[in-house]
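Take these sequences, add in the hints, and give me the full structure.
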Amino acid sequence: MLSAEAWGWQTNVTCESSVDMDLVLHYSLIPSFAIILVLSFLERRASRSQIDGKLHLLNGRFGIVIPLDFVGTFSNRWSFGFAFGATANKVMFLFSEGYLPLRVPQWAQAIVLLIGGTEVGLSYFPFFACLATEFQITGSVLGFFYTSTWFVITITNIVQCPHGRVMGDYEKIIFYWPSLFCLVFLLGRFALMFVKALRVRLKMDVSSQENHFLEVHQAQHVKRLVRKPPERQAQKSWFQRKVYEWDPCFQFPGRMIGTSALALICLYIFIVIEFYIYKEFSQELKILDQRFEELVESSNGSEVLVPVVLQLKEFINVTQGVWIFTTFAASLTCVSYVFHILACYRKHMKRLWAGEKHFLPLRSHEPASSQSVAAIARYSGWQIAYILWGTCQAFSISMHSTKIKAVALFLCSKKCVFSFPGYLIIHVVQCLFGVMIMYSFVLPIQHGQGLEMAKGLGIGILTVGIATGLMILQIKIAARFFLQPKILPDDKQKPLALNNRKAFHNFNYFLFFYNVLLGLGACLFRLLCSVLLGTWLIARIDRTIMQKGYEAADMGFNTWVGMIFMDHYHTNPTLLSFCHILLAGTTEKKLQKSTKYGFFNNISEPRVSTRARTRWLLLYTLLNNPRLTELRKPNVQSRASAVPQNPCV
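The numbering used here puts the first residue of the sequence shown at 34, with every later residue one more than the last.
These aren't lab readings, by the way, just hints derived from the structure by calculation. Note that the Cβ used here is the ideal one computed from N, Cα and C, for glycine as well. Honestly, I wouldn't trust all of these hints.
[To be verified] Simulated crosslink set (EDC-like; lysine to aspartate or glutamate; CA at most 16 Å straight-line):
{"id": "1", "residue 1": "Lys380", "residue 2": "Glu278"}
{"id": "2", "residue 1": "Lys383", "residue 2": "Asp280"}
{"id": "3", "residue 1": "Lys346", "residue 2": "Asp322"}
{"id": "4", "residue 1": "Lys346", "residue 2": "Glu317"}
{"id": "5", "residue 1": "Lys319", "residue 2": "Glu347"}
{"id": "6", "residue 1": "Lys346", "residue 2": "Glu326"}
[Claimed, not checked] Simulated restraints on C-beta separations:
{"id": "7", "residue 1": "Ser402", "residue 2": "Lys527", "range": "42 to 52 Å"}
{"id": "8", "residue 1": "Ala267", "residue 2": "Glu347", "range": "52 to 62 Å"}
{"id": "9", "residue 1": "Ile357", "residue 2": "Val564", "range": "18 to 28 Å"}
{"id": "10", "residue 1": "Ser402", "residue 2": "Leu570", "range": "20 to 30 Å"}
{"id": "11", "residue 1": "Leu490", "residue 2": "Leu343", "range": "19 to 29 Å"}
Here it is in structure tokens:
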């Protein structure tokens, strides 16, 4: 995974592998292009061109090969997810700018990264194309051999040298095992595809890979809508009420499954790197601790130096313990975000299907069509980037450890910059709060200062309580003395009409000076809440962290809105069911017109007029959905008869 040029230092690990993974990536483009040409030759183009008339051998072949339908793919979702997982190691290289196929000046690195991303995409293109092709025998054979080649090369690289230049022992195993697991799954999937396709070819089984315009779960969703809801709702379990409720009439598209799988694997890789950085820093801190002890011994117990050294040692120990604890907390937070985003996707899609848009900002109710199309292309990459890469900050490497410098060079692509992921930002903030809690509550109790800590805590709580009580008291006084009585006894609150105006003006004057100080505390509290929420939600692309009116500046949230609107317009079950009924009726009519015996039918159906049938369906719909009667357009004749006639006319 890690190239030798990224480190520039040597360790005790001397093994070297004969497999250069970067060189393998370059040469993998040759079989990849060959597989793409084969699958393209099998594909038929929808419309013929002039070249087909000149070259009869083409016969409409060499169509465009689609690796993955990012809009409405509901089949092979988990296979596509594992295909994305197989690319996790190279995706991490692209994020860290560690893969540069060409050496160019710094100003042109963006173009080179685009070339590198295209090369990685072409290298892994056969994984997706062989899963998505309709020619399953050819696709499964080509996909199996291509996947097995990558698997054998990766295993050879690991077996020859399982150790690495950064983490030392078993580094490659730690980094590569998720991708190897995904490759094994793909091998099994291609083998199963070949067996099923072969049985269909030998007419031993019936093909189940027909392209349906309407998916089964979408049809079930529409049936549930038109069906009368049960009078008694089934009692839900605690998990269904508090955590997640599975819906059999809803399926996540392959894009969401693949994005989630790739995000989890990349997050695992980054957590491993972050844990190793902590381990190396701990070694440096131990050396620093030993130097502190030597300094104390050489100072002969100086009364000034000893307390400072003890406080520094205590701070180091507290920070290390809190950092280990918050590592698990931050990891669980980011992992829960991945699954929570899936739950929010389902919730938002159902609301859009029901015609509800109030959960979105007003400016996002009608996003531009071009924005939605571009959002589908951006979402998967941006979602992973928001979970991994959050912001960039300058960070000077002042430690003397060569290993830490090497890891830093990997993360910031040979620049004195750290790319702080959303995970690391959450981790740092949680660690800071952990240190504050330790110094505020735990350490005073350990040092026998629990009573003083309790007094300070009580004074702080009392101060905040008094300030909050005065704020509540102002509201109560305003409601009791400065508002006029209710107009009707059933009103929930008094009208916004002033009473006792002179007393009200004196009330405002004397509280003006106190509210200045109170406003300062409210301002600081507002700033603290903004920082906490912004940090906590930095990895959430489905929720904006901007204030109301500034949502357009959040490009991640705009991508989310455009993506869900694109899915709403192209995968709406009600719309697809309507189109399916129209297409089915048109096909049936064409079939009846194609033969003169088409009107014969084994099932004798009674002849019913179209008008009577329409009225019956309307009555049935209104009985099951009474609220629709309010939305119906009134009859013109009945409305005209309801208007009283002028006797003077």
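Against the structure, the hints come out as follows:
Proximity of Lys380 to Glu278 is assessed by CA-CA distance (about 11 Å); at most 16 Å being required, the pair is judged to hold. A distance of roughly 11 Å separates the Cα atoms of Lys383 and Asp280; the hinted pair therefore holds under the 16 Å criterion. Pair hint Lys346 plus Asp322 holds up; C-alpha atoms about 7 Å apart against a cutoff of 16 Å. A C-alpha spacing of about 13 Å is found between Lys346 and Glu317, which places the hinted pair at or below 16 Å, so the restraint holds.
Using a Cα cut-off of 16 Å, the hinted pair Lys319 and Glu347 holds, with the two alpha carbons roughly 12 Å apart. Proximity of Lys346 to Glu326 is assessed by CA-CA distance (about 10 Å); at most 16 Å being required, the pair is judged to hold. Between Ser402 and Lys527 the Cβ separation comes to about 49 Å, which falls inside the hinted range of 42 to 52 Å. In this structure the supplied range 52 to 62 Å holds for Ala267 paired with Glu347, their Cβ-Cβ distance being about 56 Å.
For Ile357 and Val564, the Cβ-Cβ distance of about 24 Å falls inside the hinted range of 18 to 28 Å, so the restraint holds. At roughly 28 Å, the beta-carbon separation of Ser402 and Leu570 lies within the given 20 to 30 Å, and the hint holds. A hinted range of 19 to 29 Å for the beta carbons of Leu490 and Leu343 is consistent with their spacing of about 25 Å.
When each numbered hint is compared with the structure, no violation occurs for any of them.
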